Structure formats: C-alpha cells, structure tokens
Amino acid sequence: MNTALPVINLYAVMPQIVLVSAATVVLIVGLFERFRKGIPYLSLLLLAVSGVVAVNQLGLGPVPFSDVSSMMVMDDFGLVATLVFIAGAVLTVLISISYAEARSIDRGEYYALLIYAVSGMSMMAASTDLFTFFLGLEVLSISLYVLIGFEQRDAGSNEGALKYFLLGAFASGFILYGMALLYGASGSTEYEAIARTLGGERSDAVNLLLLGGLGLLLVGIGFKISMVPFHAWTPDVYQGAPTPVAAFLSTGSKAAAFVVLIRLLGSVFPGLQMEWIPLISVLAVLTIAVGNVVALVQTNLKRLLAYSSIAHAGYMLLPLMADSQDGSASIVFYLIVYTAMNLGAFGVLAVLSARGAPCATLEDLAGLGSRRPLLAAVMAVVMFSLAGIPPTAGFMAKFYLFSALVHGGYVELAVIGLLFSGVSLYYYLRVVVWMYMRPAAETPAEAAGRLSYTGMTALCLSALAILAVGVFPSELLQLAERAVMTLP
Amino acid sequence: MELYFFLFFAIVAVASSVAMILQRNPIYCVLLLIMVMISIAGLYLMLDAQFVAIIQIVVYAGAIMVLFLFVIMLLNLSREEGGVFRIQKPLAVLLAALLFLPVAAMVMSYAGGGTTPPADGGGAGFGEVEQIGTLLFTKYLLPVEIAAVLLLIAIVGAVVLTRKGTVSVGE
Amino acid sequence: MNHMTESFSYVWLIPFLPLLGAFINVFVNRNPRVSGMIACATVAASFLLALGVFFQLIGLPDGERSVDVVVYSWITTGTFAVDVAFLVDPLSTVMMLVVTGVGLLIHVYSIGYMGKDACCVRYFSYLNLFMFAMLILVMGNNFLLMFVGWEGVGLCSYLLIGFWCERRSAANAGMKAFVVNRIGDFAFILGLLLIFLYAGSLTYADVFAADPAVLAPVITAITLLLFVGAMGKSAQVPLHVWLPDAMEGPTPVSALIHAATMVTAGVYMVARCHVLFAQSATAMTAVAVVGAVTAIFAAYIALTQYDIKRVLAYSTVSQLGYMFLACGVGYFTAGIFHLVTHAFFKALLFMGAGSVIHALEHALEKGRDPQDLRNMGGLRDLMPVTYKSMLLATLAIAGIAPFAGFFSKDLILLGAFVNAPALWLVGLATGAMTAFYMFRLLFMTFGGETRLSRDETEKVRESSRVMTIPLVLLAVLSTVGGFIGIPHVFAAGMDRFGGFLAPVFSGLPEAQVPSASVELTLMVLTLLLAAAGIWGAYTVYIRGNSIFDRLVPRALYTLSLEKFYVDEIYDTLIVGPVRKIARGCWRILDSAIIDGGLTLAALTVRSMGNAIRYTQTGVVQNYALIMVVGALVVFAYITGFLGP
Amino acid sequence: MIPVTYYLVLSAVLFLVGATGVLIRRNAIIVLMGIELMLNGANLSFVAFARQFGMVDGHIYVFLVITVAAAEVAIGLALVILLFRNRGTVNIDEVRSLRW
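Protein chains in written order, with this note's numbering: chain A, 567 to 1054; chain B, 78 to 248; chain C, 144 to 787; chain D, 145 to 244.
Isolated chain A (complex conformation) (with noise of 0.2 Å):
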C-alpha cells in the first residue's frame, strides 16, 4: 500500500499541544506529595507560558493543522480565545489555592484536569470541523464533571456533577445525533462543507435535514451557554460545585461555547441567517427574561450569580442577530469582561469560604464592608460592572453591545435588553446593600484571619482590570475586533 501522508503543521496546534503537555506535567508531578504546596505555582507557570505560546502566535494566522483536512487552525480569533480561557484559569487557580487547601481537594490532579479543561476549550475554540468541536466539547465536559465532584464527601458536589454529567451527556447525545444529519447533509462534518452545501444549490430534503442537524446542534450549545430552556442545570450545579470551579465553570465553559457558536455563525450559519432571527431572538429574550427575573428572588449567593449567568448568557446572545463583524466583536469584549466578572464575583465568595462555613447567602455577607474592606471594595465593583454602571468595564461591554444591535437595526431587542439591566440592577445592589448598609451578623459565618494573599491577588487584578478597562476600553475593543477579522 502506498499511503500519502499529509503535511501537518504541528506549529497550527501549538497552544492546544503546550496546554495539554502542561495538564499533563502537572499531573505528574502532583503525584509526589513532597511537591504538593508547589502544584498550584507550578500551573499557573505552565499556564503562563500557555500563554506566552498563544501570544507570539498572534498575527500569524490562519494556518490550518493539514493540508488533507483542516480540522483545526490556528487564527487569531482561536487565540484570543485560548488566551481568554488561560486568563480564565490563572485566576481560578489563584482562587483556588487557599480553597482547595482547607478542603484537601488540593491534589494535583484538581490543576491537572482545570488545565485539561482549558485545552478543550482551545480545541473548541480553534476547531473547524464538527468533529473535533465535539471532541473538544467532550474534553472539556469530562473535566468538568470530575472537578465539580471533586469535593467526594460533599453531598452538594457529588449532586451537583451527577446532574451536570446527565444533562450533559444527553445534550452531547443531542449534538452527535445534529452531528449526523449534517453529516448526512452534506457528506462531510467541516464547517466550510457544511456551509458550501447552504450555500449550493439543495433540495428540500438537504434543507431539512441541515436544519433539523443545526436545531440540534442549537439544543447541545444552548445547553453549554445555558440558554433557556436548556438552562435548568445552572443554578444547582453552581450551588453544588466547589467555588472557583463554579467560577470556571460560569466563565470558561460558557465562554467557549460562544466562541464555538460566533465561528459557526460565521461559516455556516449566513446562508440561514435570516430564518433563525425570530427563533433565536425569542429564546435569548426568554433568556435574559429569565435569568433576571429570578436572580431577584434568590438569596443565595452562588444560585443569584448563576441566573444572573444565565441573562449573560442572554445578552450575548442577541447580537448574534445582527451578523455584523461588530456584533461577533462585541460578543467577544463582552466574554472578556464577563469572564473578570463573574470570576471576581464567584472568587470572593471562594475566598470568604475558604475556611470555615462556606458564605453561602446574602446574610453572610451582612457587614463585610467594615468586616472586611478591600473584599467588599473588590465584589462592589464587580456587582456594579455586572450590573453595567459606568465606569466599570460591565459598561463599556453592554455599551458596545446594544449598540452592536442598534446599528444592525435591532432597536426592540436593545430595548429589551436594556429594560432587563435595569431590572437587573436591583439584585446586584441588594449584595452592596448586604455588604455595605446591613449590620454584621454577632459571629459571622466565616472565619477569622487572614485572607488568602494569592485569592486576593487575583481578585485585585480582576477587579483594577474591570475598572481600567472601564475608562480605557479602546485597546480591548481593538483585539476584540482584530480576532473577528479572521473569521471568515
């Protein structure tokens, strides 16, 4: 047999190699208990020179992995992404150095798969094939539902991961399946087949089965960015997953699944654009309707993040319809930014949980402000950038946002969106009423002592990055905007 072998470029797939190489390395290396303290540094190194790789990668783009097949290419929206998602993990990990310690979760195989996690989200991100997207996804999901259960002997975690793997999975069985009526549609699972086939000539039944596979791949990403009504597991995996992975798991995984959704949109989707806006448009309404309306209910600290997640996720959504290089920008800035949110907001309730009962509810938070100062300072900032209040970066995000919508001529939704941010205010607040004007509790839940300086360190950096991005947004904007270019 004579069998041709394709060139492969292995420089396309650098990031994805070193993240996995450095998942691994960590691995190892927590097998040695001698090492133990050393593992979190020693992620956040690996994850760093993740990092730098991605960097110096940047511009260089698009450089596909082979010829025979792309599968994956490096471009500089993929790498942004990965540098996003990295950013994402230096923080959780941060976030998670003094947590994981007092739960004796801090085994090196907690770094080892958040690492992992990351790389699948990489691969999401750079993936221009069905195939390795679900691979990707797959990649990701399985750490995830390990590193939610990682707190064994906790009732709430082992809840948390068995719902969050069920209804993965079967959202995972409903992509496989969209998968092979894409596959059947047009002979062949790349995006750009997928979208030559649109974009031919096709009967009626090609047309059907594309979007019967589309609608399908629409019910598993919906449920990856917890769009209404596939939105059902957030709140409780939230509450039940330990802290800083609740924070990576609201941030990174949802971050990705855009990332994925904004490049299919741009390959594939255009030749079915305009027969998607009513659907989409409705449910991201329904997304933010929902997502807003019962985080004002919620007393829970970790359920309220999540259906606030949940409306995020809703925002995001809606410039989707206006198939504009600005909307996927601004869907860009806003992950961003959202990603230093929702980190901070989880991180401090990480960080004030670490020892001691975990801070669970808003009464826990009663009197941090003179309890504690520079935490209450962090999380008001971050609850008024979730919020969208000038000038935090949560503002310039909506900002860039709705007007994304606006000039794609989407005043209604703009309006609606923005009619919801109101709304939305009244929670947020009501944690910087909790924190800042209601009187401490006589032994509060959490324990005396310091803070963890690493948990802090990261939640300073978030939140001094939600306020410099606030007043000088332009740089961000530009790399949003540049990583959009790319795309085709």
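Hints listed in this document are in silico derivations from the structure and should not be mistaken for laboratory results. Please read all numbers here as calculations on a predicted model, not as lab measurements. Where a beta carbon is used, it is the ideal one built from N, C-alpha and C, also for glycine. Hints are supplied without guarantee of correctness; some may be wrong.
Said to hold, decoys possible - A short, non-exhaustive set of chain B residues, derived as facing chain C with CB atoms under 10 Å:
id, residue
1, A169
2, L172
3, A173
4, L176
5, P179
6, M183
Stated by the list, open to error - Result set (DMTMM-like, lysine to aspartate or glutamate): computed pairs, CA atoms no more than 20 Å apart in a straight line:
id, chain 1, residue 1, chain 2, residue 2
7, B, K216, D, D237
8, B, K241, A, D720
9, B, K216, A, D633
To be verified - Cβ-Cβ distance ranges computed for the label pairs, FRET-style:
id, chain 1, residue 1, chain 2, residue 2, range
10, A, E929, C, T742, 56 to 64 Å
11, A, R1016, B, P167, 54 to 62 Å
12, A, E667, C, A184, 40 to 48 Å
13, A, E929, C, R639, 53 to 61 Å
14, A, I583, C, L340, 43 to 51 Å
15, A, R762, B, M185, 18 to 26 Å
16, C, L663, A, G975, 55 to 63 Å
Starting from the known structure of chain A, fit chains B, C and D onto it as the hints suggest.
Leaving out everything else, chains B, C and D in the frame of chain A:
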C-alpha cells in the same frame, strides 16, 4: 432476503430497547441493551461496516456494558420501584412521540438527498481495517490524538472520583 | 482652534481633583480630621480652575467661546468613536462654577456637620466622588460621557442617602432613589439609542449639527425620552417621589443633591439639548406643562408639611418645575439663571436647616424630633447667624426684590406670560404659595414663642464658625447674586448672565419681549402676590396663633370678634381645604398611586420570579424534560417555516 | 439494497427511545444506559450515511464516538458509585437537595 435481515435486526433492536427502558430489574436492562448493541452490530455488517461492527461488539457490548453490569453488581441494586414521576412519565412519552414526528419527517423526506449509494459499496476494502487505519492516521490524526487525551482524562477522573479518602500516594 | 484647545488643556483637572480626593480618602487616609481637609482642598482647587476657565473664556470673542478639549480617544472601533473630551463653553462653565463653588461651601460646612461622625472618611470620599460625577456630567462633550456622569451621580446619591445605614429607612430611601432614577435613566438611554441610531454619533457637536430632516421622524420621541430622563433625575411629577425620601441622608448631602448637583442635571441636559428640543413643539409643551404642574403640585404639598427638610424638599421640586417651565417656553437662559440663584439660596436653606437640626439634636429631649417644625420656634435670638442668613434666603426664594430669586423667577414668569399665559398663572400662584410656605417655615422655626422647654432652650447653641461662614457667604450670594442678570427694563445691557450664555443659545429664535410697562406690571404683580403669601404666613403663624390665644379671654369684653371671625373664615375656607387637599395630594398621589404603582410593579416581577423559581424542582429529569420541550420548539419552528 | 431511509428512521427511533429512557427512569445507571442508546442511534445514522456516500469517514466518527462513550461511562459510573457511597441510593429523583 436483505430486507428480512434488516427487519429482524430492527425489530430486535427496537423491542429490546423499549423493553430496556421499561424493565425494572437493572441486570435485565443491561442484558437487553447488549441485545440492542448486537443487533446494531448486525446492521453495521449489512452496511459494509465490518470494522465498526467488530468494535461495537468488542468495545461496546463487551467492555462498556460489562462495566455497567459490574457496577450494578457492586452496588447490589435491586428492582426499581415507582417514584415521583407521575406526570413526568406520560409527558415524556408524549414528548418523545411528538419529537419523533418532525425527525422522522426529516429523515424520510431525505431518501438519499439526490445521491445514490455506490453499487459496489464504495469500492473494495470499504469499511475494512486498512482503509480505516489509513484514515485514522492521516486525515483524522488530530481527532484521534484528542480522543487519546480524552481517555487519559477519563481514567484520571474515574480514579480521582472513586478513590476512598483523600490520602495521597506519598503518605 | 488648536492653540485654544491647548490653552484649555488643564480642564481635565477640574473633575479629576475631586476624584483624586476620593481616592486618597478611600485608600490612603485614615484620619477623619484630615479627610475633610483633603476633600475641601481638592474641590477648592477645582473651583479655582473653573474660575480660570471662566476668565479665559470671557477673554475670547463671542464666537469662539466653545472649545472641545479631547483628553484621549476613549472608544475607537470600526463603526464609531467616542472621546473622553470636555466641552468648554459658557453653559458648562456656569455649571462648573456652580457645582464647584456651592459644592465647596457645602464641603466646608460638612467639616462642622459631619466631623464627629464615625464614618466621616467614607462620607467625604462619597462627597468627592459625587462632585466628580457631576462635573463629568456637565463637562463632557458627548452623550456617553454625560451618561457616565448621570449614572455616577445616581450611584453616589444612593450611597450618600443611605449613608446612615443603621437606619433602615435610610437604606430604603437610598434604594428608592435609585429605582426611581432608574426609570428615568431607562428613558434617557432609549433617547440616546435613538440619537445614535439616527444621528450616527453621540458627540454634541455632531448631533446638534445633524440635519433636522434626518432627525425629524424621531425628534419628538428623542426629546420626550430625554425629558423623561430629566424628570427622573430632576424629580418632576410623577417621578419626584424619591426626592422627599432622600432627606434621610445627612443634611449637607441634601444641600448638595438639591442645590448644586444631581437634580440640576436634568435642567442642564434639557438646556444642553435645546437644539433638539427646539425642533419639537410637542416636547417643548410637555416640558413646560410638566414643569408648571410640578411647580404648583409640590408647592401645594409643601404648604402643610411639618418636617423642615421635607418642606425644603418639596420646595426644591417646585423650583425645579420653574426651571423646566422656563426651558419649555424657550427661555433656556432663564432656566439656567434660576438654576444658579436657586443653587445659592437652596444650599443656604438646607444648610441653615441643618444648622438648626444640628443644634436641636443636642438640645431636644430623647424622642422629640429635631426636624419637626412643631418642636421649634423662637430660635431667632438663640441662633442669630442662622436666622439672618435663612431670612435672606427665604426672601430670595420668595422672589422679593432685589434678592437673587426675584430676577430669575421674574424672567421665567415673563417668558411664560409671553408664550403660555395659562402656565404663567400657574407660576404666579406657585409664587404666592412659595412665599407662604417658606415664611411659614421661617416663622415656625425662628419666630413666635419657643416650643422648647427651658432645659432644652439652654442647650441650643449657634453652630460653629466652620458651619456659619458658608451660610454667610451664601447669604451674600443669595442677596446680590441676582444682579448678574439685571432685566433689560431696568438697565439696558446689564444682563451679563444672559449675555454670557447668549452664544450657547444663539440658534434659538429671538424671544419676544413685551413692552416695558407690561414687564413692570408683571413684576409688581409677582411681588404683590409674594407679599400676600408672606402676609398670610405671618397672619397664621405669628399673629394668628398669638391673637387667637389672647382673643379667647378678651372676647367677652371687646368686639374684635370680627377679627377672630376673619381668621376663622380664613382657616375654614382657605387654610383648611388647602391643608386637606395638600395632605390628600401627598397621601393619595404620592403614597398610594406612585409608591403603590412602584410596589405593585416590583411585586409582580417578584412573584413571576418565584413562579419560575419553583419550576426548578431539583429533579434532574424534570430539567431534561424541559430541554426536550425546547428541542421540540426548535423542531416545530424548523418544520413550521418550511411547511406550507 | 435497503434504502438508507429505513436505517435513518430506525436510528431516530432508537435515539428517541433512549431519550425517553433518560426522562422516565429513576435509576441513574439506567439513565446512563438511555444516553448510550441515544449515542447508538446517532452512530447508526453515521454508518448509514457512510454507506450512502461510499465514504468511510462515517465509520471513523463511530469509532471516535465509542471512545467518547467509554470515557463518559467511566466518569458517569464513578459518579454513581460516589452517589451511592454518600447517600446509599442511586435513585436520582431522591437527589434534589439543590433546588429553587
């Protein structure tokens, strides 16, 4: 003749799967699912997918389902009694039936989508190991590597989750 | 143009210095005594800089008095660019001077008022932050920056109103202020959206220069939405409910919110957007009518309130109504003029009230409310400085010549008379009521017999210098401040204020001016009505009460029964119904309908939240079922639009 | 030659029967088996399409999906064992302490 084979496998698969989701004894459920797997393997053979058929039997029916069986035995699970799903059950069946309509309409209208299957079944060696192996290491190199990572993660994960206690190796 | 931009390049310091002060107080300074100094020093520096801007500006020829100072490009993307840039023109300079000047006095006063509070570092940092936000609002050269300041003052007011967080009512009031403002803000954002959509830019220069034909289809919508935003911020009916509750904050904060900052933002915005408003007759009418209605409505309520700060709060609402009335009839200069004079006397009134409250807080027995007018009286001799300065302020707000309020109010009423006689009548009536309730306040506080016990009286002390000096300064301003805008009829060309602002409002049609005799008649009429109001207050609250007391025993002997009778009639026919209606307005409109409406809306949303929340049963298969329903919807949709 | 449609309909049936299983069974292990059934349904479609096009790619997909399924099953069963250890049950309708 082919049609009878198809009908046979299809009926066995559907009947076993329906029985599986109705059967209260978990052991029987596993056995019924294995029946489904085997009949699907039969269908794969009819579709000239010899390699996949073998994998289906060896990996799916042989390994994965045995894992199920093993866990059920390990946990010593008894029959499942009715639970709280009074409304859920009929609703679920109804929804599944409703969902079947558009999906079936979709695939039935397909009818090849304008393509006709190659008469020789895709040429010599279609679905055989050589062809698949070649593809796996050329076109599908990257997915295979990712799958390898995936398995590694799954192993680590399963170990992490089920390890008793939090005592590390070194202690 | 370039060299001019450069010569103004320092203006960014004006908002930045208070921000720096806030920053130092939050992160560096821990010493409460120093905190006040820092706060005052930064605001004082800003004030001096603002003065510098002013003098530089009047040194320029009329046509060049509008300079954009770009600090840096804020957002630059493919589709739009927004700069952080400040607009230096007469309007923004006036606002800068008012904000920093009056703000500075309030800061100084705060040292005396809040110096001993445990959280005064936090207080001063909020105060500085407030100045920063307000300065950003008035100085920005685009709507986005204005919006940043807009939200910023909302946020700071929320923090300051809820400052005494131990009081639950304070926290609630803060919340209410924020929520009501939010309604206005929402409309404001929608307005901005429309502007962006149609004008394609958010920079004032571009938007105001936009072809009216382009904006024509939405101009009424834009201006009305902007105005609703202004109604929220400037407490116009029915979005005024937050302002009286905002009294929960420390009194200097009330002074700041009511006089120099926050509430004037709406008026400023309308004046800034006069180009847009002038294009829509509907919007102008709406502004004028809402302003007039608010003016009389709030004045009506103020007639019978007993809480000293609440009276002042309603009075602010009423005066803001005047300003909008002025804008609505096209007299934007008059609106801004009144804004300035009002800043003087209202800041003074609040700080005077604060001085009284501060004194009574220490003097009154436990359980007696130091803000209740019924617990005051006869303080004239005990607190002479406060009394005198408040008397001047009261004269000013009542519109008595030649105090500051006279000139500005007169100009407004003139405008109303020319353009909308019906609204002029409303304004006139409001003037009389204003005089009445303000003098009622003054008499009940300082005049007549004291209602304090002897022990209490002995403990009352005049406030310290640091508090009285700002009062005196403001009293001077309230007295002579009006002379910056002497009406044409008295001395041609002496309306320096109008002249200064003229370049800003030059695009408007020339205002009709009635003949000098008409103008003078109007003035006299206004003055007479104000005097009548004062007389009424005097009769009821000084003479009325004492006469009544003395009359009862003497009634048998003398025939001054008639006098008694008159008072009685006055009481039953005028005071009684007025009081009842005013109370009714307050209770039904304010408490029941507006508050109730807000509560109802909140409740509806909450119950929806609860309903959805309980679909979250915790059973994983229910969630899966919901997903399948979703999938079904998707498929129904797909097959639906491909179907027949 | 059996038309491809037959296989596709069969695969849809299997997929939906699996989904129904997920929806109605209390035992977490059986739920997991329902998910496996769904994957098998999808796999059948892949193979049927592969035959239709005469391209082996579909077989590769199935091969990879089986790998994924194995990984998922390993994790899923580990979670079930953990659940059993923590609560002494594998009935997932009893696992609902996280709600509302």
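Comparing the hints with the structure gives:
{"no.": "1", "hint": "A169", "in the structure": "6 Å, holds"}
{"no.": "2", "hint": "L172", "in the structure": "5 Å, holds"}
{"no.": "3", "hint": "A173", "in the structure": "7 Å, holds"}
{"no.": "4", "hint": "L176", "in the structure": "5 Å, holds"}
{"no.": "5", "hint": "P179", "in the structure": "4 Å, holds"}
{"no.": "6", "hint": "M183", "in the structure": "8 Å, holds"}
{"no.": "7", "hint": "B/K216 with D/D237", "in the structure": "44 Å, violated"}
{"no.": "8", "hint": "B/K241 with A/D720", "in the structure": "13 Å, holds"}
{"no.": "9", "hint": "B/K216 with A/D633", "in the structure": "9 Å, holds"}
{"no.": "10", "hint": "A/E929 with C/T742: 56 to 64 Å", "in the structure": "23 Å, violated"}
{"no.": "11", "hint": "A/R1016 with B/P167: 54 to 62 Å", "in the structure": "57 Å, holds"}
{"no.": "12", "hint": "A/E667 with C/A184: 40 to 48 Å", "in the structure": "46 Å, holds"}
{"no.": "13", "hint": "A/E929 with C/R639: 53 to 61 Å", "in the structure": "59 Å, holds"}
{"no.": "14", "hint": "A/I583 with C/L340: 43 to 51 Å", "in the structure": "47 Å, holds"}
{"no.": "15", "hint": "A/R762 with B/M185: 18 to 26 Å", "in the structure": "25 Å, holds"}
{"no.": "16", "hint": "C/L663 with A/G975: 55 to 63 Å", "in the structure": "57 Å, holds"}
In the structure shown, a violation is registered for the earlier hints numbered 7, 10, in ascending order.
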